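J.: Sequence:
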Amino acid sequence: MCDDGEIKTAFEVVLELVKQCNEIVLEGYRTASKRVEVKGKHWDLVTEYDQRVEDVLIAGIRARFPHHKFCAEELASATGEQVTVGDAGAPTWIIDPIDGTVNFVRGIQFTCISVALAVAGELKIGIISNPAGNELYTAVKGQGAFRNGVRIKTRNSEQLKDALIGHEFSIGSYEPIREALFERGKRFIIECLGLRAFGSAALSLAYIASGQIDAYSIQFLKPWDIAAGALLIMEAGGTVQSITGGKYDIMKPDIIAACSEALGQRVLQIIREVDRDLQASK
200 MCDDGEIKTA
210 FEVVLELVKQ
220 CNEIVLEGYR
230 TASKRVEVKG
240 KHWDLVTEYD
250 QRVEDVLIAG
260 IRARFPHHKF
270 CAEELASATG
280 EQVTVGDAGA
290 PTWIIDPIDG
300 TVNFVRGIQF
310 TCISVALAVA
320 GELKIGIISN
330 PAGNELYTAV
340 KGQGAFRNGV
350 RIKTRNSEQL
360 KDALIGHEFS
370 IGSYEPIREA
380 LFERGKRFII
390 ECLGLRAFGS
400 AALSLAYIAS
410 GQIDAYSIQF
420 LKPWDIAAGA
430 LLIMEAGGTV
440 QSITGGKYDI
450 MKPDIIAACS
460 EALGQRVLQI
470 IREVDRDLQA
480 SK
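Under my numbering, read the sequence shown as residues 200 to 481, first letter to last.
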């Protein structure tokens with residue numbers, strides 16, 4: 200377990216490490232020819248910068264907290280193992296070294312470093328940094344959410360007609376979700392203020408926390424895509440729930456995130472209606 204003093208120390212340590220890693224990401228943006236590999240599907244890319252960032256974070260954290268565990272994207276890819284973030288065991292760091300790698304490879308400045316700390320299955324620290332955009336989002340449980348040191352709050356949008364929705368159509372590359380994803384998108388386009396697909400789940404969640412977008416639903420991702428952003432949203436006054444309704448599970452990050460409870464429930468209602476109609480048509 201970690202007391203408040205240990206959480207404060209952990210936050211300070213990892214914040215400095217993230218700032219160091221910002222320079223690695225910026226170096227990558229300045230490098231025209233990056234070494235890019237495909238991990239699995241054609242859209243699942245990794246660069247040497249992903250690995251360098253993760254190595255710096257893990258080495259720095261281990262040096263101060265040798266008993267802590269790691270649930271990290273490139274570590275999981277290399278070992279084939281994924282640490283469970285559960286109720287027992289050591290505090291666990293959940294790390295995505297570069298979320299939005301396709302954006303990063305193409306020079307699109309919408310990527311981020313995402314780091315969260317879970318203790319006994321509960322999120323305690325969330326940090327999301329977009330170095331190219333000079334955006335640093337931070338949250339410690341019970342202490343609010345901040346962007347570049349200024350406290351942030353979600354918007355109070357309750358109706359879809361007032362809501363800007365994040366919806367990642369590119370997840371449709373994964374066949375089991377394709378039809379539902381596209382049909383949900385059609386409904387959102389008809390009813391909401393606008394639809395945006397940014398290419399980074401973590402940074403999209405940070406944008407809900409800061410009031411730039413209002414809701415976001417996503418499936419078939421990993422804990423490191425969602426954890427830090429989920430804490431930011433909750434500390435900023437928003438809600439995060441399972442895409443089927445109910446409590447969000449760190450290890451099963453199929454979520455609806457929203458700036459308000461009312462908007463989250465409306466998004467959930469649309470998803471249920473679309474999925475029901477698709478099932479009935481088969």
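Treat the hints loosely; a few may be bogus.
Unchecked claim - List of simulated lysine-lysine pairs, DSS-like, C-alpha gap at most 25 Å: (1) Lys268 x Lys481; (2) Lys218 x Lys233; (3) Lys352 x Lys385; (4) Lys385 x Lys268.
As the list claims (entries may be wrong) - Each pair of labels, with its calculated beta carbon distance range: (5) Arg261 x Arg471: 18 to 26 Å; (6) Lys385 x Asn333: 17 to 25 Å; (7) Arg261 x Lys360: 45 to 53 Å; (8) Ser232 x Phe381: 29 to 37 Å; (9) Arg386 x Asp202: 21 to 29 Å; (10) Glu247 x Thr208: 41 to 49 Å; (11) Lys268 x Ala479: 41 to 49 Å; (12) Ala262 x Gly341: 45 to 53 Å; (13) Glu247 x Asn347: 40 to 48 Å; (14) Gly288 x Asp453: 40 to 48 Å; (15) Ser232 x Ser372: 21 to 29 Å; (16) Leu477 x Arg350: 39 to 47 Å.
Derived by calculation from the structure, the hints in this document are not laboratory data. Here the structure is a predicted model, which means the values were calculated and not measured. Note that the Cβ used here is the ideal one computed from N, Cα and C, for glycine as well.
J.: Evaluate each hint against the coordinates.
T.: Going through the hints against the structure:
Between Lys268 and Lys481 the CA atoms are separated by roughly 44 Å; this puts the pair beyond 25 Å, and the hint is violated. The hinted pair formed by Lys218 and Lys233 meets the criterion: a straight-line CA distance of about 22 Å does not exceed 25 Å. A C-alpha spacing of about 29 Å is found between Lys352 and Lys385, which places the hinted pair above 25 Å, so the restraint is violated. For a cut-off of 25 Å, the pair hint linking Lys385 to Lys268 is broken: about 41 Å separates their Cα positions.
At about 44 Å, the beta-carbon gap between Arg261 and Arg471 misses the expected band of 18 to 26 Å. Under the hint 17 to 25 Å, the C-beta atoms of Lys385 and Asn333, about 35 Å apart, miss the expected range. At about 49 Å, the CB distance of Arg261 to Lys360 agrees with the hint of 45 to 53 Å. Hint check: Ser232 to Phe381, Cβ distance near 35 Å, so the stated range 29 to 37 Å holds.
Between Arg386 and Asp202 the C-beta distance comes to about 46 Å, which lies outside the given range of 21 to 29 Å. Glu247 and Thr208 have their C-beta atoms about 31 Å apart, which leaves the hinted 41 to 49 Å range violated. One distance hint, 41 to 49 Å for the beta-carbon pair Lys268 and Ala479, holds here, with the actual separation near 44 Å. One distance hint, 45 to 53 Å for the beta-carbon pair Ala262 and Gly341, is violated here, with the actual separation near 27 Å.
With their beta carbons about 28 Å apart, Glu247 and Asn347 fall outside the hinted range of 40 to 48 Å. Evaluation of the 40 to 48 Å hint for Gly288 and Asp453 yields a failure: the beta carbon distance comes to about 23 Å. Distance hint for Ser232 and Ser372: a CB-CB separation of about 25 Å, consistent with the stated range 21 to 29 Å. Taking the beta carbon of each, Leu477 and Arg350 are about 41 Å apart, inside 39 to 47 Å as hinted.
Violated hints, listed in ascending order, are 1, 3, 4, 5, 6, 9, 10, 12, 13 and 14; each of the other numbered hints is respected by the structure.
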